[in-house]
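Since the structure of chain A is already known, use the hints to place chains B, C and D on it.
Chains as they are written, first to last, in our numbering: chain A, 13 to 355; chain B, 13 to 355; chain C, 13 to 355; chain D, 13 to 355.
Because the hints were derived from the structure by calculation, they are not lab data.
Hints are not guaranteed to be accurate.
Note: identical chains are not told apart, hence a pair may lie in one copy or across any two.
[As the list claims (entries may be wrong)] List of simulated lysine-lysine pairs, DSS-like, C-alpha gap at most 30 Å:
id : residue 1 : residue 2
1  : 58        : 344
2  : 226       : 93
3  : 31        : 279
4  : 43        : 344
5  : 355       : 83
6  : 238       : 110
7  : 83        : 316
8  : 43        : 109
Small disclaimer: the values here were computed from a predicted structure and weren't measured.
Protein chains: 4
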Amino acid sequence: MKALVYHGPEKRSWEEKPKPVIKNPTDAIIKITKTTICGTDLHIMKGDVPEVVDGLILGHEGVGIVEEAGKGVSNFRVGDKVLISCITACGICDACKKGMYSHCETGGWILGHMIDGTQAEYVRIPHADTSLYHIPEGVDEEAIVMLSDILPTGFECGVLKGQVKPGDTVAIVGAGPIGLAALLTVQFYSPSEIIMVDLDDNRLNVAKMFGATKLVSKDAVKEIMKLTDGKGVDVAIEAVGIPDTFDICQSIVAAGGHLANVGVHGKSVELHLEKLWSANITITTRLVDTVTIPMLLKTVISGKLKPKQLITHHFDLEDIMKAYDTFGNAAKEKTLKVILANK
Amino acid sequence: MKALVYHGPEKRSWEEKPKPVIKNPTDAIIKITKTTICGTDLHIMKGDVPEVVDGLILGHEGVGIVEEAGKGVSNFRVGDKVLISCITACGICDACKKGMYSHCETGGWILGHMIDGTQAEYVRIPHADTSLYHIPEGVDEEAIVMLSDILPTGFECGVLKGQVKPGDTVAIVGAGPIGLAALLTVQFYSPSEIIMVDLDDNRLNVAKMFGATKLVSKDAVKEIMKLTDGKGVDVAIEAVGIPDTFDICQSIVAAGGHLANVGVHGKSVELHLEKLWSANITITTRLVDTVTIPMLLKTVISGKLKPKQLITHHFDLEDIMKAYDTFGNAAKEKTLKVILANK
Amino acid sequence: MKALVYHGPEKRSWEEKPKPVIKNPTDAIIKITKTTICGTDLHIMKGDVPEVVDGLILGHEGVGIVEEAGKGVSNFRVGDKVLISCITACGICDACKKGMYSHCETGGWILGHMIDGTQAEYVRIPHADTSLYHIPEGVDEEAIVMLSDILPTGFECGVLKGQVKPGDTVAIVGAGPIGLAALLTVQFYSPSEIIMVDLDDNRLNVAKMFGATKLVSKDAVKEIMKLTDGKGVDVAIEAVGIPDTFDICQSIVAAGGHLANVGVHGKSVELHLEKLWSANITITTRLVDTVTIPMLLKTVISGKLKPKQLITHHFDLEDIMKAYDTFGNAAKEKTLKVILANK
Amino acid sequence: MKALVYHGPEKRSWEEKPKPVIKNPTDAIIKITKTTICGTDLHIMKGDVPEVVDGLILGHEGVGIVEEAGKGVSNFRVGDKVLISCITACGICDACKKGMYSHCETGGWILGHMIDGTQAEYVRIPHADTSLYHIPEGVDEEAIVMLSDILPTGFECGVLKGQVKPGDTVAIVGAGPIGLAALLTVQFYSPSEIIMVDLDDNRLNVAKMFGATKLVSKDAVKEIMKLTDGKGVDVAIEAVGIPDTFDICQSIVAAGGHLANVGVHGKSVELHLEKLWSANITITTRLVDTVTIPMLLKTVISGKLKPKQLITHHFDLEDIMKAYDTFGNAAKEKTLKVILANK
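So that you can see chain A by itself, here it is in the shape it has in the complex:
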């Protein structure tokens, strides 16, 4: 089969690889029908994720069809249409029993990271019973690809951890795909104000179409304190992953408020406990567990959530080298998410 293979920083190719086979009775082999590229894949390409080795197939998102199921798989049969979670979960370790699939002892984020991933014609999914989800008849596959990672990430790490309530004032710092995923799902809870912060005006315009009520591009702290009469926001969602954006968040969260970190950080940050020790605030971190996929599926089916808004470009899977270029050049190409179809 063909697959997108990592060969060290800045080197990738679309090349022939052996079709995966069942290794454990709980594995399933999935024929990919649609996949996508994640911001994390770009980080890998830059060499920022050193545990990814030369020769690995990238990708941790996608939908497909069950090609083969191990003897220990009881929930899926050959021919089933499935959503692949970016998080592999055994369902039986301590972490999984707490719903913390991201810290599964034999799973977590391994696809396209520790084991071959989904940017290929076929992929092996370990612990298939708790790592795949049935796609109901009639649901648009492209929309569902957005449920592999980006929408659960924005929802679980940003919205749920932020404990957003009706009437709240929320700020989302970062209007990239993850920030926009938080924006789409935060509206499940009817906040009164959603302030979107980004330096890119195009992304802010998208945010406005997606439901943001206020846009801020400069002097974020000052602007947001002005918009909130000096009180700050009930919930600040960090969706970038650098010290500057974390700093905005800690400066704007109101007494009693929540700071929900979603961004992947490469450096430590300075936490101003000399101000915040008495502020009754809550700071959370989370790697997505994807335990909300069933809930999100229901909101997609009912039309409350429209994931296709996030999709800006389509490619054939075999054109994935070009798709990486387009996705990597997001500002210029106005890319949010791309869909790669395996014809």
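Same frame as chain A, but now just chains B, C and D:
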């Protein structure tokens, strides 16, 4: 009347001051029967709390008898025995309606800070209806003094924010009075292990008597990771307020765990988001709201909580100058809390 | 002044009464600008609420202007535009401190019940500081009248107690004003399906316009089980108050689901514990506390909640006798809520 | 092998049966070392559980050693010492993913009910990975038998559903094994008062030794209202399962309180909504899910929970016919739980 008056860093005196009078209809004047000294009072004496002005009476804890009640006070009458909360709360502003009395728009921590405090023969308590609590007949007054500040602080900021559950492994970093207050109240929730961390062996011995199951004085991170088979603790309670102790806490909190900050910090800390972004942890800060005083009173009455364990020394109120010395020399004098009785 | 006065079952009149005066320092006198009639007022008129005495002024909803404020009132001044909560709360008793204003020791539902109410030119409001709410500039007064009782009731007793989550299937049994208030506010949480049950087709049509996704008028249990593939609903909201409708609710709630009772019941019901003991369900009751008025105000200001949808008829306050007839004849007149304006 | 076999109402025998074999790859065969008898087994013997068929082996509690593990079992190996949950859970259906193992689509309470149970020398456990638990070295096996059913039942259905808080007043109606299990585990949360209600003085005496603070045998409602100054209890736990005891519970629950039903009911009850509709109460039902077994194990290991207090009698497994007689004659024999050892 006589009172303990601040006259700038390192200067205090027990001197004559005018007896307080009702200023607003919701005020009450309380005749102090018992009060105490807080670690915060020592910080004030060092000049660390610049908003405290020369001439202010210190103290924010105590019990007493209602001497006079304003016309707007409906819950208390002359002669009632009362506990004074360290937090003054109007009960009607937005923060108070959320139970966040510490951020009351016209209250919060003001006693012995912005207005004259309780280390005196009499004190004026604003918003008396929501800042005083009835002391039931037969309850020991000395025990109740510990409910003005220290026990609600350990309980609300450490134990409740830490969301301690039966069977949990908890570490409390700092075995001073606040850490010990957390230790006493964390046992309400039946954790399996309570690891106490301090450099002072005397304090660790006290902690052991109070219910700690493990004591750690050196190489805290290494020791605690060993004690927890490399997993870390479910809840880390920071009860000191310096970067080093916060750092211990962030290094030992397990995936999915809580870090509840209780300590008063004077400097920022380095938060290792490059490790913690994916650890599903929750960090909280809180200034005590004292909203749990009614709950704590019930646990004292039922004998579940024995606050007198915290009291090591007794003085007459008029000997408060000496009491400050003893309290300020805690390591040598083995002081936890002192009781000052107004004869 | 003029007021609507109860004179025993089925007897009321619009008559001259003395203008109310301050009795306690925490009282305020409000000049009513807009009020309304509640289903409960009709119950009173039928003689179902025996504690209402001959001569009492009815009404527990409305907005107005502060005419006079007692000396113990600190939050309101003469001339302030205010919303009157149907629940009077002292803010300092045990129940109030728990946010359970409905069980306030000296308040609760007393307006138009134990003391003179709001269907008059003026009304005395005890505990004004915690029983009135400021109306921000520019907010439509008529919309705000719906926040005195009906919207907090549907929201607190139905939606919050029902713990509705995104993606849930919810059934609301009863499409009268209270059921419709639950329907409007349940959408704060983005359920996937909202099944509305009523015998009246007109009301079901209104429900559809208000956001119901399925309508059921006959064979409710059978129909709902069919609509939910035999699983039942995540949340059943009882908004009528008779054994038959409670019975529908207990028959359709899924394992793990919630049954939130909102209806005022005059009789006991048969609870089928022989089936439900193992069903992991939660049944709740609640008299509205109106603690969510500040939250609801924010959702009105942001346009998430449009309370005016509930208003079908307008009258001058002096025509209140006629308004009672129209409201009492709801099916024929297609009445939901009426607004009575004091010119 | 030998097993205790049901042969219709009031007929059982200790007889030869075929040793169980693996049917599905996720099965394990367990050699029983210790088991016990449940009150439910007595109900079955009376013919109250009609789905139990002639020829079935009874029993749903016990500990043992893995004799054989199917190829799909990844968490257990031959020779492992294991606790058997009374609830069989696949871990992958909708109910299991919500932690509601009791409603597992292919599991739930099936042992000794729908399939052969644990009162035998060997038992087949389906879905072994999520239905068995490792027993740590050095933990007393007899204590652990109490974690198969009775302690999780009292804890999950009574204590957790009742949301008991420090300082609460709790009433437990019924001092049989289940009520006593609730009594032991409610103390995890440090309630101030635990009122135990039963007609049997012996059981009340046991309750006192186990930590009850008040005992009530007659005029329960009147006595409890007197003990609580007319307010009622914060949490009422129903641990019998008949209308009379449910009625006590609904009569004593305070405004804002919880009624947690644990008892297995055979008849409907009359729910006094005409009084309770405005009482802000919560009524819960639950079949045990046993999801708290890991938490309970930790409390046993730490000595917070001492399950052996519940064990009054010991028998060899081959004397199970006699053990049933003793257990069935609990009042006379003063039986709580019996241990049956397979030598």
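Worksheet item: Between residue 238 and residue 110, at a C-alpha cutoff of 30 Å, which is it: within one copy, between copies, both, or neither?
Response: between (41 Å within a copy, 23 Å between copies)
Item to complete: Up to 30 Å between alpha-carbons, please classify residue 58 paired with residue 344: within, between, both or neither.
Response: within (19 Å within a copy, 57 Å between copies)
Worksheet item: Which holds for residue 355 with residue 83 at a C-alpha limit of 30 Å: within a copy, between copies, both or neither?
Response: Classified as within; 29 Å inside a copy, 36 Å across copies.
Worksheet item: Under a CA distance limit of 30 Å, which applies to residue 43 and residue 344: within one copy, between copies, both, or neither?
Response: Cα proximity of residue 43 and residue 344: none, with 33 Å in one copy and 61 Å across.
Worksheet item: Are the CA atoms of residue 83 and residue 316 at most 30 Å apart within a copy, between copies, both, or neither?
Response: Close neither inside one copy (37 Å) nor across copies (42 Å); limit 30 Å.
Discussion item. With identical chains, the pair residue 226 and residue 93 could be close in the same copy or across copies; at 30 Å between alpha carbons, which is it: within, between, both, or neither?
Written reply: between (40 Å within a copy, 28 Å between copies)
Worksheet entry | Within, between, both or neither: residue 31, residue 279 at alpha-carbon 30 Å | neither (38 Å within a copy, 56 Å between copies)
Worksheet item: How do residue 43 and residue 109 come out at 30 Å by Cα distance, when the copy is not named: within, between, both, or neither?
Response: Intra 29 Å, inter 26 Å, cutoff 30 Å: intra and inter.
Violation of the numbered hints given earlier is confined to hints 3, 4 and 7; the remaining hints are satisfied by the structure.
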